[in-house]
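Asker: In the numbering used here, each number is its position in the sequence shown, counted from 1, plus 80.
Derived by calculation from the structure, the hints in this document are not laboratory data. There are no misleading hints in this set.
25 Å max Cα-Cα, derived DSS-like pairs, lysine-lysine:
no. : residue 1 : residue 2
1   : 208       : 196
2   : 192       : 167
3   : 192       : 137
4   : 167       : 196
5   : 205       : 94
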Amino acid sequence: MKPRKRIYYTPEQKAIIWDRYKQGDSLHEIARMFDRYHSSIMPTIYQTGGFRPPVRKRHRLSLSLDEREEISRGLAEKCSIREIAKKISRAPSTVSRELRRHGGLTNYRAAKADKKAWDNALRPKACKLKPYIV
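Produce the complete structure using the sequences and hints provided.
Answerer: Quick look at the structure:
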């Protein structure tokens, strides 16, 4: 028996699924819109217990893409970490950690760092104590 291929929906498609689900449409009706089986819609709905997940947004203290671009420009201009930190009004340790996490002085790319940080912010996190379970 051939294994089924997992179907992934874009955020826009998921928004449509949730809108139609909240309007009271059945899973079969929603699936017909995407020319899929209702079983491909079920994980999207049941993953959060039938409640629409909140819209993801960046934490107010995390670095923005503009700040990451400024870090990247500072590195290109051969500025020190302290100079870059002063430009973006952040602590030098913040810039240092950002560089350490996302490629260092030579391989830092703002867009890649921003995407990686956004992806790493997803929940649930892996338990750090799991290897030490008695």
